[in-house]
Every structure is written in C-alpha cells, then in structure tokens.
Amino acid sequence: MPNLRYTKDHEWVTVDGDVATVGITEYAQDQLGDIVFVELPEVGRTVAAGEEVAVVESVKAASEVYAPVAGQVTETNPVLSDAPETVNADAAGDGWFLRIRMADPGEFDQLLDEAAYAALTGEA
Amino acid sequence: MEAPLPGSSEGTPRCTPLHDLHVALGAKLVPFAGWELPVQYEGILAEHRWTRDSASLFDVSHMGQVEVSGDDALVGLESLIPASLQSLAPGRTRYAVVTNDDGGIVDDLLLTRRDDDVFLVINAARIDADLTWFRARLPALTFSHREERALLALQGPKAADALSHLTPAALELAPFAYGEFEFLGVPCTFSRSGYTGEDGFEIGCDGAAAVSVAEALLARPEVRPAGLGARDSLRLEAGLCLYGSDINVDTSPVEAGLTWTFGARRQGALAVPGGARIERELANGPARRRAGFLPEGRGVVRSGAVVRDASGHEIGEVTSGTFSPSLGVPIAMGYVATQYSEPGTVLQVELRGRKVPAMVTPLPFVPTRRHQKRPT
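Going down the list, the protein sequences come from chains A and B.
Be aware that the first sequence starts at 834, since it is given in this note's numbering, and climbs by one per residue.
Be aware that the second sequence starts at 3, since it is given in this note's numbering, and climbs by one per residue.
The set of hints was computed from the structure by calculation and includes no laboratory data.
Mixed in with the good hints there might be a few duds.
Said to hold, decoys possible - Listing some non-contacts, in silico: residues in chain A with all C-beta distances to chain B over 12 Å:
{"#": "1", "residue": "Leu837"}
{"#": "2", "residue": "Glu884"}
{"#": "3", "residue": "Arg934"}
Claimed, not checked - Cross-link-like lysine to aspartate or glutamate pairs, in silico, EDC-like; alpha carbons within 20 Å at most:
{"#": "4", "chain 1": "A", "residue 1": "Lys841", "chain 2": "A", "residue 2": "Glu875"}
{"#": "5", "chain 1": "B", "residue 1": "Lys357", "chain 2": "A", "residue 2": "Glu897"}
{"#": "6", "chain 1": "B", "residue 1": "Lys30", "chain 2": "A", "residue 2": "Glu859"}
{"#": "7", "chain 1": "B", "residue 1": "Lys357", "chain 2": "A", "residue 2": "Glu885"}
{"#": "8", "chain 1": "A", "residue 1": "Lys841", "chain 2": "A", "residue 2": "Glu908"}
{"#": "9", "chain 1": "B", "residue 1": "Lys30", "chain 2": "A", "residue 2": "Glu885"}
{"#": "10", "chain 1": "B", "residue 1": "Lys357", "chain 2": "A", "residue 2": "Asp942"}
It should be emphasised that the depicted structure is a prediction, and the values quoted were computed from it without experimental measurement.
All C-beta atoms, glycine included, are put in the ideal place defined by N, C-alpha and C.
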C-alpha cells in the first residue's frame with residue numbers, strides 16, 4: 834500500500850488528503866500484550882512531530898505513542914475508551930488511535946515504508 | 003558448600019525443569035530473579051480470568067524449597083519468626099515473615115511442620131539472603147535447599163476437580179494443610195495454599211518428574227497454563243504482598259498489616275529480631291500502613307507513584323499497581339501515613355504528571371475463596 838507508512842516507534846500512518854490516521858502496529862500490540870487503557874489527546878490539540886500524543890497501557894506497562902507528523906488532532910477513536918482491546922484485535926484497522934491534519938503533508942513521505950519497517954522488526 | 007549454579011546471579015538466566023514445555027506451549031519468556039520464566043501464554047487477561055473461573059497451572063519452581071532439620075527446629079525458627087510455630091500441628095502450613103534487627107522483613111514464607119522436619123517455601127530472590135540469615139543464627143539446625151525439586155501451583159475453583167481424577171487423596175487436605183501423595187507414581191508434596199485468593203494446591207516433586215506431572219494436569223479440561231503476569235494481577239486483587247515491592251527489609255509486619263500471622267504470640271513478648279520496634283508499633287500504632295487504592299479513571303497507577311493528601315502533601319507511595327481483570331478498573335496498594343489509611347479516605351496519586359483521585363479501599367479487592375469443608 835503506497836499510502837501506508839511507519840515510524841521506528843511502531844506506529845503506522847495512512848494519509849487521506851492532508852489528514853493522517855495513526856495507530857500502533859501489529860508488532861507493537863503483540864509486544865504489549867493485553868491492552869487495558871488508551872489515553873488519547875484532546876481534539877484540537879496542536880502537536881509537533883515526535884511529541885507524545887497518546888499512552889497505551891497493557892496489564893504490565895505503559896507505553897507512549899508519539900505523533901508521527903506535526904499538525905492538529907482532528908479526531909480520536911471513540912471505540913477505544915470502552916473497548917481498548919480493539920487494539921489487540923485489529924491494530925491496523927478498527928484499533929486506530931487518532932487523526933492529525935498535517936501542517937506539512939511532505940512529512941509523510943519521510944516516514945518508513947513497509948520494507949524499512951519490516952527490516953526494523955526483523956520480520957523482513 | 004554447594005557450587006553456585008550457572009546463571010544463579012547474573013548472566014545466563016536459569017531454567018526450570020518445565021522450560022521446554024513452556025516454549026512448546028507458546029509462552030513469552032522473561033527474566034525474573036535470575037530465572038527465565040513465562041510471563042504469559044495466551045494472554046494475561048485470559049489467564050487471569052481462567053484462574054478465577056476454572057484452574058490454572060503456574061510453574062513456581064524458581065521459589066526456594068528448604069528443609070530444616072535438627073533438634074527443636076520449631077523452637078529455633080520461632081526465635082527468628084514472629085509466629086506461634088511450636089503450636090503448629092504436624093501437617094499444617096502457616097504463612098509467616100522473618101524479621102531483621104530493625105523490625106523489617108527479611109522474607110515472607112510458607113512454613114510447614116512435617117513429621118520429621120520443617121519445610122519452607124521462600125522467595126526466589128531471597129534464597130541466598132534467607133539461608134545466610136538462618137544458618138548464621140541457627141547453627142545447630144540444618145537448612146537444606148532442595149534445588150532439584152520443582153514446584154507447581156494449581157490454582158482456581160476447579161483445582162480440586164482436576165486433582166480428583168489424579169490424586170483424590172489430596173482433596174482431603176483442608177486449607178493450609180500439607181500431605182505427601184503419589185501422583186501417577188511420582189511422590190509429590192501437596193499444600194493446600196497459593197497466591198491467587200482461590201482454592202488451590204502447591205505441588206512439589208523431583209525436577210525430573212515435573213514435566214509428566216505438569217502434562218497430566220494440563221491434560222485436564224479444567225486446567226490451562228498461566229504465567230507470572232496473571233500471578234501478579236491475581237495476587238494483587240487478593241491483597242497479597244509481593245516481596246521486594248510491598249514488603250522489604252525496611253517495612254515492618256505491623257506497617258504491612260501482617261500481624262495476623264503472629265497468632266498467639268501477639269499477646270506476649272516478641273523475642274525475635276526487631277521485636278522492640280514491632281511491640282512499639284503494636285502498642286502505639288505504626289507511622290504508616292499498607293492500604294489499597296482505587297484510582298479514578300482507567301489509567302493504571304503503578305509502583306513508585308507518589309501519594310498525596312487532598313491538599314497536595316506527599317504522604318505515601320504506591321508499591322504495586324495493575325489493571326484488575328476481575329473488576330475492570332485499575333487497582334493499587336502502597337503505604338500511607340496512618341491517619342490517611344482509613345477506607346473511604348480520598349487521596350491523590352500521581353499518574354504521568356497529573357494528580358488522580360484515589361480512594362483508600364479495604365484489602366482484598368476481590369474476596370478470597372477458600373475451600374470449604376465438603377458435605378459428608
């Protein structure tokens with residue numbers, strides 16, 4: 834999929850126009866184990882690339898999720914407040930975290946492509 | 003002197019006799035107290051719930067199994083352990099703490115009076131410390147660390163059902179009773195005890211026989227494997243202390259709320275190391291007490307989080323915190339200044355730089371379910 838990118842922090846990003854949808858990867862959810870809580874940002878917040886934007890809690894530990902691109906948060910996944918386990922069930926789809934209207938859509942192209950991410954996780 | 007085993011302190015972690023079975027069962031293995039142990043198989047939540055609904059098998063072979071022999075072993079141990087040990091009947095098990103000179107806790111343990119000796123189960127990370135402590139103070143007694151033994155914990159409301167097909171004699175054991183029975187021809191020790199708040203058995207056997215015992219238990223439809231992750235969330239729901247987190251060499255048994263383990267000795271002089279502090283705290287109350295907390299919201303408050311009173315003054319610390327699979331909310335325990343330890347008191351706990359309201363809550367979070375006497 835050409836409009837699917839990744840970060841080294843195990844987030845995936847898809848883009849539609851200038852809006853990026855962000856989630857954590859299948860690899861990340863598998864490493865985390867049972868997810869029991871996702872703390873999401875307020876809609877409207879402006880974030881810098883690399884800024885902590887969400888926290889995902891498994892039974893064992895809390896992990897930060899970083900904004901892969903700069904911009905403004907336009908939407909968060911309403912399903913996750915009551916059903917955080919959706920991230921385990923479908924990390925790459927229904928378990929998405931948030932949407933960001935990108936300040937610079939060019940940032941997307943600098944993220945890792947599928948092959949680069951697969952090399953990172955040793956699943957190439 | 004026994005030669006140190008490879009990986010006993012640093013470097014390569016040690017493996018229990020069930021290591022290959024864990025791998026075959028798809029376990030995620032993690033380092034723990036110098037061992038490589040399964041943290042989960044299917045998933046912590048599923049394993050936790052299965053333990054509460056049915057029965058789970060935990061490999062706890064990393065724990066120390068120690069036999070104490072010599073004349074008047076219980077008298078000697080009673081000089082180091084604030085519990086009524088001499089009144090313990092043969093075949094009975096007791097939970098107790100070992101105190102240090104400052105009234106802190108060297109370790110917590112299960113102690114069983116057997117016909118000819120005393121059997122201890124101690125924490126893996128404290129084996130060296132405990133043996134050094136005991137041997138220096140009780141030189142007339144022999145402390146034999148049975149490293150070749152495996153230990154399996156079968157825990158859950160259907161633990162007895164699972165054993166009824168394999169070792170029916172073990173079902174006669176009352177809670178905190180001990181017996182030795184053959185299990186598929188393997189001589190095993192059985193103690194009706196555990197660390198989950200459920201009925202269950204801790205089963206000791208020679209390491210060479212551990213795989214066949216474990217496989218026979220796992221072949222029962224009631225039984226699935228469970229790892230350290232579920233063991234931790236189960237014990238925290240049950241309000242049980244984890245040594246190194248909730249109790250340590252600085253916490254006294256009075257602060258920790260463990261004076262119930264003293265039995266009748268609470269009435270008399272506590273002639274144990276640190277007895278003066280313990281008696282003082284029994285008389286005047288301790289400066290801090292262990293308490294349960296129910297934090298607001300879904301964020302999981304974890305060990306190390308600062309606890310503050312309503313006006314923001316630091317009054318304690320969280321020592322264990324997790325998400326409770328049974329209650330569906332975060333739970334925690336820790337220590338607070340005694341005047342804040344009453345259930346219902348609303349405090350604040352730190353969570354990622356924010357202050358979250360948390361109510362002091364009686365322990366356990368989930369009621370303990372022990373085996374009741376069977377109808378006859």
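Here is what the structure says about each hint:
1. For Leu837(A), the non-interface assignment is confirmed: its Cβ lies about 27 Å from the closest Cβ of chain B, beyond the 12 Å cut-off.
2. Glu884(A), annotated as away from the interface, keeps every beta carbon of chain B farther than 12 Å; the closest lies near 14 Å.
3. The Cβ of Arg934(A) lies farther than 12 Å from every Cβ of chain B, with a closest approach of about 25 Å, so its non-interface assignment holds.
4. Pair hint Lys841(A) plus Glu875(A) does not hold up; C-alpha atoms about 24 Å apart against a cutoff of 20 Å.
5. Pair hint Lys357(B) plus Glu897(A) holds up; C-alpha atoms about 18 Å apart against a cutoff of 20 Å.
6. Using a Cα cut-off of 20 Å, the hinted pair Lys30(B) and Glu859(A) holds, with the two alpha carbons roughly 16 Å apart.
7. Proximity of Lys357(B) to Glu885(A) is assessed by CA-CA distance (about 19 Å); at most 20 Å being required, the pair is judged to hold.
8. Pair hint Lys841(A) plus Glu908(A) does not hold up; C-alpha atoms about 23 Å apart against a cutoff of 20 Å.
9. Restraint check for Lys30(B) and Glu885(A): not satisfied, since their Cα atoms lie roughly 28 Å apart, outside the 20 Å limit.
10. At most 20 Å may separate the alpha-carbon atoms for a hinted pair to count; Lys357(B) and Asp942(A) exceed this at roughly 39 Å.
Of the numbered hints given earlier, the model fails hints 4, 8, 9, 10; all others are met.
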